[in-house]
Amino acid sequence: GENVGLHLPTLSVQEGDNSIINCAYSNSASDYFIWYKQESGKGPQFIIDIRSNMDKRQGQRVTVLLNKTVKHLSLQIAATQPGDSAVYFCAENSPGTYKYIFGTGTRLKVLA
Amino acid sequence: EPEVTQTPSHQVTQMGQEVILRCVPISNHLYFYWYRQILGQKVEFLVSFYNNEISEKSEIFDDQFSVERPDGSNFTLKIRSTKLEDSAMYFCASSVGGGAGELFFGEGSRLTVL
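The listed protein sequences derive, respectively, from chains A and B. Following the working numbering, the numbering of the first sequence begins with 68 at its first residue and continues without gaps. Following the working numbering, the numbering of the second sequence begins with 31 at its first residue and continues without gaps.
Rather than coming from a laboratory, the hints here were simulated on the basis of the structure. Backbone N, C-alpha and C fix where the C-beta goes; we use that ideal spot for every residue, glycine too. Please note that a few of the clues may not be correct.
Claimed, not checked - From the structure, some residues in chain B lie toward chain A, with a derived Cβ separation under 8 angstroms:
id: 1; residue: Glu-86
id: 2; residue: Glu-89
id: 3; residue: Phe-91
id: 4; residue: Pro-100
id: 5; residue: Phe-121
id: 6; residue: Ala-130
id: 7; residue: Phe-135
id: 8; residue: Gly-138
id: 9; residue: Thr-142
Stated by the list, open to error - Calculated from the model, a selection of chain A residues having no Cβ within reach of chain B, i.e. all distances over 10 angstroms:
id: 10; residue: Ser-95
id: 11; residue: Asp-122
id: 12; residue: Val-137
id: 13; residue: Ala-146
What the hints assert, rightly or not - Chain B residues, not near chain A, derived (Cβ > 10 angstroms throughout):
id: 14; residue: Thr-37
id: 15; residue: Gln-41
id: 16; residue: Thr-43
id: 17; residue: Gln-44
id: 18; residue: Ser-78
id: 19; residue: Ser-88
id: 20; residue: Gln-94
id: 21; residue: Glu-98
id: 22; residue: Val-126
With the rest of the complex left out, here is chain A:
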């Protein structure tokens, strides 16, 4: 997807540092969440998901944290690499619906 001109919050991190990207989701009834990565000119790519019965889930170099009390998700990327530069979206799904609601996105810039 093309994100030129998208006025996104931007997080700039040094290569090798850890990144934390935050998302406030909208629906307290949402019970399933996905983090997507979108590189310029491409479609969203699945990174990691979490269900509402969990508060933390780890993948390879990534961790998602869920705080249902304040409707907050975060994505932690360990040892950030240049290839991690992209726009990151959280998406939520609620029971009984097929649609995902996407957040506004955060642009991650990795500085060499």
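Take the given structure of chain A and dock chain B to it, following the hints.
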């Protein structure tokens, strides 16, 4: 690795013309979706499709839009009479199950309406 494929990658059309965007979902997936991303805005849900019928649609998906699975592999989005504000990136997605579960997205079709 199986992937969702979309054609065309970019289409330019005149206002009022009909456009058909095509998608080939992952072969063993049963649920199909269209999302769009207007430049400078979020990814927005348009429609979900299962068992040859629309299972859910958003308020954006009005009468000018339609979806179809004309054969066993293709899934199409038709915009009957395009408007300037239809200019966007349109993403097809598919999933094994509906609701909670990983959505696999295609690379998108950019529609430019002049």
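Status of each hint after checking the structure:
1. Glu-86: holds, 5 angstroms
2. Glu-89: violated, 11 angstroms
3. Phe-91: violated, 11 angstroms
4. Pro-100: violated, 21 angstroms
5. Phe-121: It holds, given that the least Cβ distance between B/Phe-121 and chain A is near 5 angstroms, below 8 angstroms.
6. Ala-130: holds, 4 angstroms
7. Phe-135: Given a least distance of 4 angstroms, the restraint on B/Phe-135 holds.
8. Gly-138: Status holds, d = 5 angstroms.
9. Thr-142: At 11 angstroms from the nearest chain A Cβ, B/Thr-142 fails the 8 angstroms test, so the hint is violated.
10. Ser-95: holds, 16 angstroms
11. Asp-122: Fine: 17 angstroms to the nearest Cβ keeps A/Asp-122 off the interface.
12. Val-137: The claim holds: A/Val-137 sits with its nearest Cβ about 21 angstroms from chain B, beyond 10 angstroms.
13. Ala-146: At about 24 angstroms from chain B, A/Ala-146 clears the 10 angstroms cut-off, so the statement holds.
14. Thr-37: Given that every Cβ of chain A is farther than 10 angstroms from that of B/Thr-37, nearest at about 13 angstroms, it holds.
15. Gln-41: holds, 14 angstroms
16. Thr-43: holds, 17 angstroms
17. Gln-44: Holds: least Cβ distance 21 angstroms, greater than 10 angstroms.
18. Ser-78: violated, 4 angstroms
19. Ser-88: violated, 7 angstroms
20. Gln-94: Fine: 19 angstroms to the nearest Cβ keeps B/Gln-94 off the interface.
21. Glu-98: The claim holds: B/Glu-98 sits with its nearest Cβ about 18 angstroms from chain A, beyond 10 angstroms.
22. Val-126: holds, 13 angstroms
Hint check: violations occur at hints 2, 3, 4, 9, 18 and 19; the rest are consistent with the structure.
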